[in-house]
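Protein chains in written order, with this note's numbering: chain B, 1 to 275; chain L, 1 to 275; chain W, 1 to 275; chain P, 1 to 275.
Hints in this document: simulated from the structure, not taken from any laboratory. Please note that the accuracy of each hint is not assured.
Pairs count within a copy or across copies, as identical chains cannot be separated in the list.
As the list claims (entries may be wrong) - With a straight-line Cα cutoff of 20 Å, these simulated SDA-like cross-link-like pairs (lysine to any residue) come out:
id, residue 1, residue 2
1, 202, 23
2, 202, 163
3, 200, 60
4, 200, 159
5, 249, 151
6, 249, 146
7, 249, 17
8, 147, 106
9, 249, 145
4 protein chains.
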Amino acid sequence: MTHSPERTAIADYWSTAICNIAPSRIAFRGYPIEQLIGAVSFPAMIWLMLRGDLPTPAQEALLEAALVASVDHGPHAPSIAIARMSVSCGLPLNGAMASALNALDDVHGGAGEQAVELYDDVLARADAGLALDDAAAAAIDAFIVAKGAYLPGFGHRFHPVDPRSGRLLDLVENARSEGAVSGSYAEAARAIERVLHCRKGKLIPMNIDGASAVIYGELGFAAPLARGIFCLSRAVGILAHAWEQTGRKERNKGPIPRSFAYGYTGVATRDVPQP
Amino acid sequence: MTHSPERTAIADYWSTAICNIAPSRIAFRGYPIEQLIGAVSFPAMIWLMLRGDLPTPAQEALLEAALVASVDHGPHAPSIAIARMSVSCGLPLNGAMASALNALDDVHGGAGEQAVELYDDVLARADAGLALDDAAAAAIDAFIVAKGAYLPGFGHRFHPVDPRSGRLLDLVENARSEGAVSGSYAEAARAIERVLHCRKGKLIPMNIDGASAVIYGELGFAAPLARGIFCLSRAVGILAHAWEQTGRKERNKGPIPRSFAYGYTGVATRDVPQP
Amino acid sequence: MTHSPERTAIADYWSTAICNIAPSRIAFRGYPIEQLIGAVSFPAMIWLMLRGDLPTPAQEALLEAALVASVDHGPHAPSIAIARMSVSCGLPLNGAMASALNALDDVHGGAGEQAVELYDDVLARADAGLALDDAAAAAIDAFIVAKGAYLPGFGHRFHPVDPRSGRLLDLVENARSEGAVSGSYAEAARAIERVLHCRKGKLIPMNIDGASAVIYGELGFAAPLARGIFCLSRAVGILAHAWEQTGRKERNKGPIPRSFAYGYTGVATRDVPQP
Amino acid sequence: MTHSPERTAIADYWSTAICNIAPSRIAFRGYPIEQLIGAVSFPAMIWLMLRGDLPTPAQEALLEAALVASVDHGPHAPSIAIARMSVSCGLPLNGAMASALNALDDVHGGAGEQAVELYDDVLARADAGLALDDAAAAAIDAFIVAKGAYLPGFGHRFHPVDPRSGRLLDLVENARSEGAVSGSYAEAARAIERVLHCRKGKLIPMNIDGASAVIYGELGFAAPLARGIFCLSRAVGILAHAWEQTGRKERNKGPIPRSFAYGYTGVATRDVPQP
């Protein structure tokens, strides 16, 4: 079909390879939506949208495990607390989810992404000839120099052992033994765990971010998508808590009960200077 | 364990029935997370978080179909456009998703919720003794009086026939024939379609919002969760488009190419009055 | 200049009467920006953008008083708490402001808007012939029927007397005595206060929302702009708290200290059913 | 007053030096709010909240000029477009402002902050003994190495000369000649302009971000507050456009008219593989 110059310019400006929509026809990555519905799983659909084609069953199962594992970590987590507070301010569920997802930034939602980057660095250094543990040590050092003291993916302020990590790593090992994934990201993560153990004199076990990053890396997702997929997963917990709070009908719920004082640490009361 | 009064007060203020988290233990709705990972599907996990227990396979399949069906409708949709523009402004994926979900408000993301409310009203009127088509006509009239001219769930400005609706309704019909759902919401929706056909002199077919609302209603979800689950689904398309735009490295992308003028309809240029 | 059809269509689609921008020229409501800078106050610029022309000095002073009065109400307020928590999650200042403003919805940020609507209703009923206190009583009744038990603008859960209200109302009275405003919104608000006093047997004094709504009404702002201008004002406190929190370098700050337990009210731990 | 340990812990966790609120008493930075209302300007209140005390008249005037200068740059700007689109999706004004401010991230709202950092670097190098133009050249080089090719604050894709910059710089020069500011940030910015002119063979004039960053630097604001104050200013334009769009009653407005096609660049339509 022909376009006027302006129409073409807009088409280019807003072009996409994801969906092709015409009157009464909708296709994603080439597949008609009416064929996808009822035939592919939700995780397979996520994969299709992000990767351009459907996953193998083993890929789908690993992605599904990661999606299930990360849905929630309770109202101590700022994102969940923000969702609950937002509902009490009058926001509908989509608005509460928006403010909560917004909080999944570098510190709260970025650990998985950073862990994939860390593993990528370990593997690149190993590819360049370093022994794996030396590559891990060098990657750790480089990360801490660049980003500061918090190494993503290892240790947890609350859980001595994170009950999600071992289960996820078992599933990766099963997939590796069946040839579905290479296992290289799991090895990189284990190498980091060994180096940390050696340096700290105690085990700093892989946490949910470190373990799910192993899965994302094994599945070939770019690091930023570790954050993006985590958002899809945590959105479930955010929605559940926002919905529970909706049923409470509390109005304008702050972080602490209204009867509690917060601390004031500023100057004493004074008069505004007269002009 | 014992609490001081203050500690108890906070515990109550932030109490939840969704997750129970203690050092090295995480359970959702009572189920340990390490048992859930690898054993339940992502849609089943969504159901568990929102409903308090696991779904039957038939319930899970219908929810999964609705989740797959609604992931995206292209950059013409404001939410997708906002996600793409936000990335070009420097936002990470979680921030782009936040602003996009925020747009799924009453007009853009609320049609499914409103359709469930509409079906609920049809069924309540039928329960009260009206014939189904009379109940549908009365519910349509009440909705239009209360909310205005746009009846949610029927007709589409772009698709003469929405390719997603028929497929979803077929799956509902299969589930009904197997006794997995009652079929009452599908009947309510069909009654609305008949009344509209009769009134308008032409078929105003059920769209994706109307068809997925049938599923949510059949599955027993409260109306606001139709919006919430739609957000979980559309978040996938939002993420995919945000990620595609991330790869483009365009900076500060507005809605139309920079070379295009927008219209100015205000007063002519004038001088600021001198004091 | 001539347009192709497509270009014209876009110009119309995105037309505005607010700003007229051409290479090296920027005008707002007709006034060149280089004339406005240094010549008009920030409140006058806000008025110009929202109303289409510059305010009188008396109008400007009242708007400025309302903007100053509402900047903050401490970390007990969900919006401020969300801003502080968001910063601790890694969000930049603009992102923290976004999530905080998002919380200024119907319950948390909508009281001023609702109070203007309430006063509008009182005045409309008085214009239709009711005595002012009868009009106020009827408007109160209508509001409570339509919106529920919370009457916006009167009473405060924390302040027996709101120190901001009296000062704002004094300024309105001064402006009225100088003929700068009509005083009708102040009279409507006072009538509501009288009716409530009579009904409840005690004074339910006007709060900041009620008093600033008097100003917005006197100045001729449409009700939704009471919320919008409140957002401009509260954005200042949100920014100040976000910035204070930025200096603290706390990571991932939840609503309560990590060592505190929150309450779990759900089912006891149980096993996932085997397939 | 005495606290239990838990209450104290919370007070500390949520302590602030900004506001001191007790029943019927509200003070900001020590000043009672009833004294501030009607006595200090809105820009002075912004300064007080961010800096801890009231500004001098000269400081207040410069901050006010920067606030007035940056309110809007039309619907081509993604933030303004997002605000307009969000309203059409059903969002109230606060929600539209939230999504728009969220877009003022590094690329769209961060140029002023980056320009302050750049000037800080120039001045630090000059303090360390370099001649000013050598310091500017070294700071430019360091910025480009660290952040990429876009130097913040200089040049504009649309305005050959930015009409806001010259006016703002004149006000800074006036303030310098009266001894109100040191003029060092203006000198640093002029040195960058000279170096760029020399390197590029043509003038790359200071834009609004560069000129307002001069003001923020002269006034002693930390670099991130350049972004924060810009958000306060641009929030005005965002609100004005959101309000204009509210009056249009358009539903679900996408970036381009519905009749326009966007470009599809993906794979041709294909069948979903059969299991």
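Hints, verified against the model:
Proximity of residue 202 to residue 23 under the C-alpha cut-off of 20 Å is restricted to the inter-copy arrangement: shortest distance 18 Å between copies versus 62 Å within a copy. Proximity of residue 202 to residue 163 under the C-alpha cut-off of 20 Å is restricted to the intra-copy arrangement: shortest distance 18 Å within a copy versus 57 Å between copies. For a Cα distance limit of 20 Å, the shortest separation of residue 200 from residue 60 qualifies neither inside one copy, at 36 Å, nor across copies, at 46 Å. Proximity of residue 200 to residue 159 under the C-alpha cut-off of 20 Å is restricted to the intra-copy arrangement: shortest distance 18 Å within a copy versus 53 Å between copies.
Taking CA atoms no more than 20 Å apart as the test, residue 249 paired with residue 151 passes between copies only; the shortest distance there is 16 Å, against 40 Å inside one copy. Taking the shortest alpha-carbon separations for residue 249 and residue 146, only the inter-copy value of 17 Å comes in at or below 20 Å, while the best intra-copy value is 46 Å. Taking identical chains as interchangeable, the C-alpha atoms of residue 249 and residue 17 lie at most 20 Å apart only when they sit on different chains, with a minimum of 16 Å there against 44 Å within one chain. Proximity of residue 147 and residue 106 under a CA criterion of 20 Å is satisfied in both settings, with 11 Å inside one chain copy and 18 Å between copies.
When the C-alpha separation of residue 249 and residue 145 is checked against a cutoff of 20 Å, the pair qualifies only between copies, where the shortest distance is 18 Å, while the shortest distance within a copy is 48 Å.
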